[in-house]
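Peer 1: Residue strings, one per chain:
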Amino acid sequence: MNSAYIASIINATLRSTTPILLAALGSAICSRVGVFNVALEAQMLIATFTSIAVNYFTGSALLSVVVGVASGALIGAIVAVLQVKYKAADMVVGTALNLLTTASTTFLLYLVFDRRGSLIDERLVSLTKINLPVIKDIPFVGRVLENLTFIDYICYIIAIALFIYLFKTVSGFRDLSVGINKTAAESLGTKATAIQMRMVILSGALCGLGGVALAMGQVIMFTENMTSGRGFIAMAAASLGMSHPLLTIVSSLFFGLCQSIGLALQNVIKSQLTTAIPYIATIIALVVFSKRNKKN
Amino acid sequence: MKHITKVYGSLYANNDIPLTLNKGEILAVVGENGAGKSTLMKILYGLEQPTSGEIYLNGEKQNFRSPHDAIAKKIGMVQQHFMLLEPCTVAENIVYGKEPKKGLFFDREGAVKIVEELCEKYGLHIDPRLKVGDCPVGLQQRVEILKVLYQDADIIIFDEPSAVLTPQEVTELLATMRKLATMGKSIIIITHKLHEVMAVADRVMVMRLGKFIQEMPITETNIEEMSFLMVGRHVVERHVDPQPTGERVLDVKDLVLAGSDAKNILDHFNMHVDAGEIVGIAGVSGNGQSELIQCLTGLLPPTSGQILLQGKDVAGHSVGEIREAGCACIPEDRYLWGCAKEATLTETAIMAHQHKPELSKNGLLNSKGAKVFTQRLLDNYDVRNSGQSQKAGELSGGNIQKLIVAREMEQKSPLLIAAEPTRGVDIGAIEFIHGKLLEKRAEGDAVLLISSELTEIMSLSDRIYVIYEGQAAGEFRKEDATEEDLGILMMGGKLV
Numbered sequence: 001m002n003s004a005y006i007a008s009i010i011n012a013t014l015r016s017t018t019p020i021l022l023a024a025l026g027s028a029i030c031s032r033v034g035v036f037n038v039a040l041e042a043q044m045l046i047a048t049f050t051s052i053a054v055n056y057f058t059g060s061a062l063l064s065v066v067v068g069v070a071s072g073a074l075i076g077a078i079v080a081v082l083q084v085k086y087k088a089a090d091m092v093v094g095t096a097l098n099l100l101t102t103a104s105t106t107f108l109l110y111l112v113f114d115r116r117g118s119l120i121d122e123r124l125v126s127l128t129k130i131n132l133p134v135i136k137d138i139p140f141v142g143r144v145l146e147n148l149t150f151i152d153y154i155c156y157i158i159a160i161a162l163f164i165y166l167f168k169t170v171s172g173f174r175d176l177s178v179g180i181n182k183t184a185a186e187s188l189g190t191k192a193t194a195i196q197m198r199m200v201i202l203s204g205a206l207c208g209l210g211g212v213a214l215a216m217g218q219v220i221m222f223t224e225n226m227t228s229g230r231g232f233i234a235m236a237a238a239s240l241g242m243s244h245p246l247l248t249i250v251s252s253l254f255f256g257l258c259q260s261i262g263l264a265l266q267n268v269i270k271s272q273l274t275t276a277i278p279y280i281a282t283i284i285a286l287v288v289f290s291k292r293n294k295k296n
Numbered sequence: 001m002k003h004i005t006k007v008y009g010s011l012y013a014n015n016d017i018p019l020t021l022n023k024g025e026i027l028a029v030v031g032e033n034g035a036g037k038s039t040l041m042k043i044l045y046g047l048e049q050p051t052s053g054e055i056y057l058n059g060e061k062q063n064f065r066s067p068h069d070a071i072a073k074k075i076g077m078v079q080q081h082f083m084l085l086e087p088c089t090v091a092e093n094i095v096y097g098k099e100p101k102k103g104l105f106f107d108r109e110g111a112v113k114i115v116e117e118l119c120e121k122y123g124l125h126i127d128p129r130l131k132v133g134d135c136p137v138g139l140q141q142r143v144e145i146l147k148v149l150y151q152d153a154d155i156i157i158f159d160e161p162s163a164v165l166t167p168q169e170v171t172e173l174l175a176t177m178r179k180l181a182t183m184g185k186s187i188i189i190i191t192h193k194l195h196e197v198m199a200v201a202d203r204v205m206v207m208r209l210g211k212f213i214q215e216m217p218i219t220e221t222n223i224e225e226m227s228f229l230m231v232g233r234h235v236v237e238r239h240v241d242p243q244p245t246g247e248r249v250l251d252v253k254d255l256v257l258a259g260s261d262a263k264n265i266l267d268h269f270n271m272h273v274d275a276g277e278i279v280g281i282a283g284v285s286g287n288g289q290s291e292l293i294q295c296l297t298g299l300l301p302p303t304s305g306q307i308l309l310q311g312k313d314v315a316g317h318s319v320g321e322i323r324e325a326g327c328a329c330i331p332e333d334r335y336l337w338g339c340a341k342e343a344t345l346t347e348t349a350i351m352a353h354q355h356k357p358e359l360s361k362n363g364l365l366n367s368k369g370a371k372v373f374t375q376r377l378l379d380n381y382d383v384r385n386s387g388q389s390q391k392a393g394e395l396s397g398g399n400i401q402k403l404i405v406a407r408e409m410e411q412k413s414p415l416l417i418a419a420e421p422t423r424g425v426d427i428g429a430i431e432f433i434h435g436k437l438l439e440k441r442a443e444g445d446a447v448l449l450i451s452s453e454l455t456e457i458m459s460l461s462d463r464i465y466v467i468y469e470g471q472a473a474g475e476f477r478k479e480d481a482t483e484e485d486l487g488i489l490m491m492g493g494k495l496v
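Those sequence lines, one after another, are chains A and B. Read in order, the letters of the first sequence are residues 1 to 296 in my numbering. Read in order, the letters of the second sequence are residues 1 to 496 in my numbering.
Just chain A, same shape as in the assembly (with noise of 0.2 Å):
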């Protein structure tokens, strides 16, 4: 194996990692303020549909970006109404509006374009492509480095940025609190379930950014169920993250590791094999990380 190959590997970690962690994160903030949020899934699909939708017409990167992301959190704001304010069962919201957003982008490809199965079009404009001066010239890091869109930047300082808000500022201090002991929160005069309500919300954001990342990053194009299980595979993130925003890119990292390497081996062994990797992964690393969490 030789380091141009490795760098590549990173290369393609980088880039599938950047949509897990964005919805991962989303993932991680409802927990932290006591929602369980199922809907990752259908916060993020909505997304790759919206922008790739407003791309076609408008031809404006960064209007499909600030779509995308809006359609995300209208998802989570759906989610904050049923879920949060009237409190409705988690799983049943969750299910269905992933259910619903699967079927219904399904429905609108084919309505809106006339197309099935994906959307694959040369007038569609991909996100800008950073190649940093300087350092694509250093022969490793620079490789590692290629071609990555602002999305895959940015996705790290929005984790840093949760971190310090969660953790060093009043307001953070506040949500985290309604997460601890929301009965507690409220006596003491927090607005409890606006806070939730808020979280479900930059929930929806971050999953839509995410969705955006999968539809215009590696690719440029919509696909029926594109996102397919990567809501969940947030979820698991999240869940070894332990809900904290650094070690939830950590554990996003490897799955983005294991969705590289999976690809890496199409070649090698058969496809639907490969592209089992990461959900194996899923379950391992859950049942490995739960067997440690019930021992301490």
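Hints listed in this document are in silico derivations from the structure and should not be mistaken for laboratory results. Heads up, the beta-carbon is just placed ideally off N, CA and C, and yes, glycines get one too. Some hints could be false.
Claimed, not checked - In silico DSS-like links for lysine-lysine, alpha-carbon gap of 30 Å or less:
#	chain 1	residue 1	chain 2	residue 2
1	A	Lys85	B	Lys478
2	A	Lys191	B	Lys73
3	B	Lys494	A	Lys182
To be verified - Chain B is faced by these chain A residues, among others (derived, beta-carbon under 7 Å):
#	residue
4	Thr169
5	Val170
6	Gly189
7	Thr193
8	Ser290
Following the hints, put chain B in place on chain A, whose structure we already have.
Peer 2: Coordinates of chain B only, in the frame set by chain A:
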């Protein structure tokens, strides 16, 4: 507070209650469960709105819509069930709501300093950096008090503050209240423990069934008068005559239950209960009592050791086998272990009796027999109900407890384990249940009483064990036991 009335449906929780509080004074509000004390305080603290009546503060009419309004007017409340963030530090909990900031950030060091100053000012010492979840209950309560002081409250309401404390912690708490009063804070304490009222209050107000009964300075009353006013009749102090004991019914030898870490939950625990005696186990909750009950009743298999029930080792046997071998149990949590809230009274009553010939034949229940059986229990144990099809969860705590006691007594087993048999029930029910336990003893059966109410243990038991960190820390005969000695052992101290 003038003419406070609160109506829930057709029930008058508070009926035209007056309440006054002077600066620097400690007012005790006493009454049985359901007398309306808590409702009155919730109204004062803004948690509930009165149906009618007014609140005046320093002559000004107030309208509290939420605790927020009350806190703003310098009214604070130390809740019975602590409102704490356990994974957070003492300092974080205290400054919550008015956190010090450094620029954009939460100034945690500043919070520690603030708390240290606050502790100094009021002479209440605690390490601000401790995690609240690691603090014993007494300290957690201190955090609650400091929280209220940090909010700069002038009026502090204590809701049943001593319910969870050891005798020593209670003494400390009462001293704290006195000190706060001399510093000009006005204090309201809600309680049904009359010796505490006598020890700390300046004035006492008695409530019964939602009504104001009487108010008097503490110097002009005594425990007998207050309890008469609370209950509406005289409560007789129970006198239990000693009686000879028979053979050994329960013998626990070297019982060990390993915990998740190196420490054992039950650590070589030894004790025995003979026929015709009540043996009490005293201890601060969380020292292995629950696990001991679960080992004895078969819910948890012990790691090692013997549980001899009438000479037969039943350690690790199933619940059914142990019940068969002669053990009945009034469980500590009536809704978790004692009954199913959705079950009818008939179903509740026949549980664990269902295989008896009068109740079933060839695996089919005899519903007529079940009705007769249930009615007998309901009548004999004075369970107020609206019919056997009523749901267990709809009865009041005292009444469902009486039914559970009835069911377990009816097993007529040589051993009865009574865990917290009177937790959260009113004086009438307490007296009744205590009477039944003594009847069981008089019949020559063995009773193991596990309770966090020290007075209950001391008044009923012939012998008392103290449990501390899973070990039997001491054993007393009734006549040798004092509250002080028990309290010291309960906190892990040594007797000199």
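Peer 1: Under the constraints set out in the numbered hints, which ones does this structure not fulfil?
Peer 2: 1, 3, 7 and 8
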